[in-house]
Amino acid sequence: MGAAKMMQIHLQWVDYTVLAVYFAFVLGIGYVLRRDVRGSKDFFESGRSLPAWVCALGFIGANLGAQEVMGMAASGAKYGIMTSHFYWVGAIPAMVFVAVFMMPFYYGSKARSVPEYLKLRFDEKTRGFNALTFAAMTVMSSGISMYALAKLLSAILGWNFHVCITASGLIVLCYIFMGGLTSAIYNEVLQFFLIVFGFLPLVLLGLQQAGGWDGLVAKLGPVATNAGFASGAWTQSWTHTGSPAANPMGVEWFGLAMGLGFVLSFGYWCTDFLVVQRAMAARDMNAARRTPVIAAIPKMLFPGLVIVPGMIAIALHQSGGGFQLPAKGNSLDYDMVMPSMLAHYFPTGMLGLGLTALMASFMSGMAGNVTAFNTVWTYDIYQGYIKRDGTDAHYLAVGRWTTVVGILASMAAAYAAAQFNNIMDILQLVFAFVNAPLFATFLLGMFWRRATGHGAFFGLICGTLAAALHHGLTLPVGAAAGIKGGWLGATLDFYPSEMAQNFWTAIYAWTVCFVATILISLVTRRNKTDEELRGLVYALTPRIKGDAVAWYKRPAVLGAVVLVASAVLNWLFW
Amino acid sequence: MHLDVRIPIGAMFTAFGALLTLFGLFSKKNIYAEHCMGININFLWGLVLLLFGVGMLLLAWRGKGGRTRRDP
Chain A
1 MGAAKMMQIH LQWVDYTVLA VYFAFVLGIG YVLRRDVRGS KDFFESGRSL
51 PAWVCALGFI GANLGAQEVM GMAASGAKYG IMTSHFYWVG AIPAMVFVAV
101 FMMPFYYGSK ARSVPEYLKL RFDEKTRGFN ALTFAAMTVM SSGISMYALA
151 KLLSAILGWN FHVCITASGL IVLCYIFMGG LTSAIYNEVL QFFLIVFGFL
201 PLVLLGLQQA GGWDGLVAKL GPVATNAGFA SGAWTQSWTH TGSPAANPMG
251 VEWFGLAMGL GFVLSFGYWC TDFLVVQRAM AARDMNAARR TPVIAAIPKM
301 LFPGLVIVPG MIAIALHQSG GGFQLPAKGN SLDYDMVMPS MLAHYFPTGM
351 LGLGLTALMA SFMSGMAGNV TAFNTVWTYD IYQGYIKRDG TDAHYLAVGR
401 WTTVVGILAS MAAAYAAAQF NNIMDILQLV FAFVNAPLFA TFLLGMFWRR
451 ATGHGAFFGL ICGTLAAALH HGLTLPVGAA AGIKGGWLGA TLDFYPSEMA
501 QNFWTAIYAW TVCFVATILI SLVTRRNKTD EELRGLVYAL TPRIKGDAVA
551 WYKRPAVLGA VVLVASAVLN WLFW
Chain B
1001 MHLDVRIPIG AMFTAFGALL TLFGLFSKKN IYAEHCMGIN INFLWGLVLL
1051 LFGVGMLLLA WRGKGGRTRR DP
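Going down the list, the sequences are from chains A and B.
Here this note's numbering is used: the first residue of the first sequence is 1, the next is one more, and so on.
Here this note's numbering is used: the first residue of the second sequence is 1001, the next is one more, and so on.
Next comes chain A alone, as it looks inside the complex (with noise of 0.2 angstroms):
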C-alpha cells in the first residue's frame, strides 16, 4: 500500500484526548435523547417538533459525508473551481425548489416517507419499487463510507481495520438505537460545525502561504498550462465550459446545465429521502419549507472549505511549497488531499480536532442511510407488506432492531467493497440508473394530476432502462469497455470524460422517463380521483397562505434572496 509508507500520522495525547470527547458527546445526546422516545413517530420522524435551522443543520449534515469532504477537495486537485459547479449550479436551485414548491406536497400529505408519498400519488408497485431500491442504495452507501473510514484510518494512523469496521458500527448504532431521528439531526449539526471550525484554519493556512486568493491564482495558472489549458482554467468556472476539450473536467455548459444542474441534482435533493427526512422533521410547514433554503445558505459558502483546500493543494505540489500530494499509479492520489492536507498544515492538537471532523463525516454519513433505512423499512416494507396492523410499539421495536439490521448490513457491505471492488462498482451504477429519471416522476405526479400509476412505474422503468442502455452504448475516451460503460458490445459514441458520460446518462434516463410517464398516462384510466389527490398535486391543494408570517420567514422570499446570492457567486468566479 503506498499511501500507508507514504504518509504516517502520529497522535499525541492531546489529539487522542479530543477524539475521546467527541465520542462521550456523540454517545452522550444519544443517551439523554432516549426518554424522549415514546412512540414510533418520535424514532422516525422527531415528533415532527424540531426547529428549522436544526433541520436544516441536519439536512447539510447528513449530506455532508466524507464522499463530499474528501471527494470534492480531490475534485477541487484534479478540475479547480469547476467543481462549484456541484453548488452553485447543482445543489442551491434543486434545494431552493424542493423548499418552494415540493415540500408542501411531502409535509402537507399524510405521507412518513417519500416512498410513501408515491404510494399516495401513484399506486403500490411504485412505491414498493422506490422503497426496495432505496433500501438496498442506502445500506451500500453506509457501507462504502464505513469501509472508507477504516481504509482511511488503517492507512495513515496504523489502526486495525475490523477494529475501525466495528467501533465505528457500534457507535453509529448506539445513539440511533436510543435516540432515533433526533439523535441522528443532533450529531450531524454537532459534525457540520465540527467540520466547520475543523477545516476552517485549514483553508485559512493554506491561503495565507499560497499568497492568499491572488496568489493561489498566479500558481494554479501553471498548473492549467502544464495540463494544456488555457491559463484560467483551474479559477474560472464557466469561461472555458464552451467546448468539452478546453477545461478538465471534459464537459460543456449545456452537459453541466442539464445534465448536473437538472436532472442529477433535482434529482437528489428533491427525492431522496435522506435528505428530505430531515426536513419532514421540523416543527411546522413554514418550517419544513424553510429547512432546505436555509441549509442552501452555509451550503452555498462550501466550495470554499472543501474545494479550495485541494486547489491550494496542487497549487504548492506543483510550485515546490514543500508539500507534496501522494502518487498513485502514475498519476497523484487525490483522495488523500484532505488527509495529507491535515498532516501537512496541523501541528497536534489542531490535528486531533481535524482528523475527528473526518471521522465525524464519515459517521454522520452513516447515520443518515441507516435513519432513512429504518424509516423505509418499517414503514414502507414491515408495515406496507409484511405486518399492516400492529401496535405502535410494535412498530418502534421493529425500527429500534431494523437499525442493528442495517448497521450489521452496512458491515457486511463495507467487507464486501473490500474483497470485491468491483461489485461494488456495478451496484452503484444500477443504483445511478434507477435514479437518474427518478425527477421526472415526482415532478409529473406533483404537477399533472393527470399521471397515473401504470405511467409512473413504467416510466421509471423505461428511463432506467434508457440510462443502462446509453451507459452500455457509450465510453469515456480512453477507457476499456466493461464497468465504465460500452459492455453491450457496440460503443456508438465517446465522451471526452467519465463526468460527462454520467451527465448525458442521466439526461437520457430523465427525458424517456418524462415522455414515457406521459404517454402510458394518457393511455391508461387514473387511478386517483382528484378528491384523493388533494395535498398531493398542485392544482388540487389549496396555496399556503403566507401572511401569517414575517416575510423573512417567507420560503418563497428566501429562496429567491439564495437565488441570486447564488448567481453572483457564479459571476465573481465566472
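Be careful, since some hints might not be right.
What the simulated footprint calls covered on chain B by chain A, stretch by stretch (three residues with Cβ under 8 angstroms from a Cβ of chain A suffice, anywhere in the stretch; the number is not a length) [said to hold, decoys possible]:
1. 1002-1011
2. 1015-1024
3. 1030-1040
4. 1047-1056
Partner residues are not named here, just some residues of chain A that face chain B (Cβ under 8 angstroms, in silico) [said to hold, decoys possible]:
5. V54
6. M178
7. V189
Since the hints were derived computationally from the structure, they do not count as laboratory data.
For glycine and all other residues, C-beta sits at the position ideal for the given N, C-alpha and C.
For this one, chain A is given, so just place chain B on it according to the hints.
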C-alpha cells in the same frame, strides 16, 4: 421535551477550546514552525472555539428557541 441541541454543541466546543488554548500556551513552539509558518494555531483557534462554545451556551441559556414550539 427535547434537549436543546445548543447545550451539547456549546459544551463540546468550550471543552475543545479550553483544551487547545491551554495546550497552545504550554506546547513546544517548534511544532508551529514545522507545520504552520510559526503561527500558534492551537492557541489562536482554541480561543475561537472557546468563544463559539460559550456563545452557544449563552444562547441556549437565554432563549428557548431551540426546543419549544412557539407559534404552531
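We went through each hint and held it up to the structure:
{"no.": "1", "hint": "1002-1011", "verdict": "holds (count 6)"}
{"no.": "2", "hint": "1015-1024", "verdict": "holds (count 6)"}
{"no.": "3", "hint": "1030-1040", "verdict": "holds (count 7)"}
{"no.": "4", "hint": "1047-1056", "verdict": "holds (count 3)"}
{"no.": "5", "hint": "V54", "verdict": "holds (6 angstroms)"}
{"no.": "6", "hint": "M178", "verdict": "violated (12 angstroms)"}
{"no.": "7", "hint": "V189", "verdict": "holds (5 angstroms)"}
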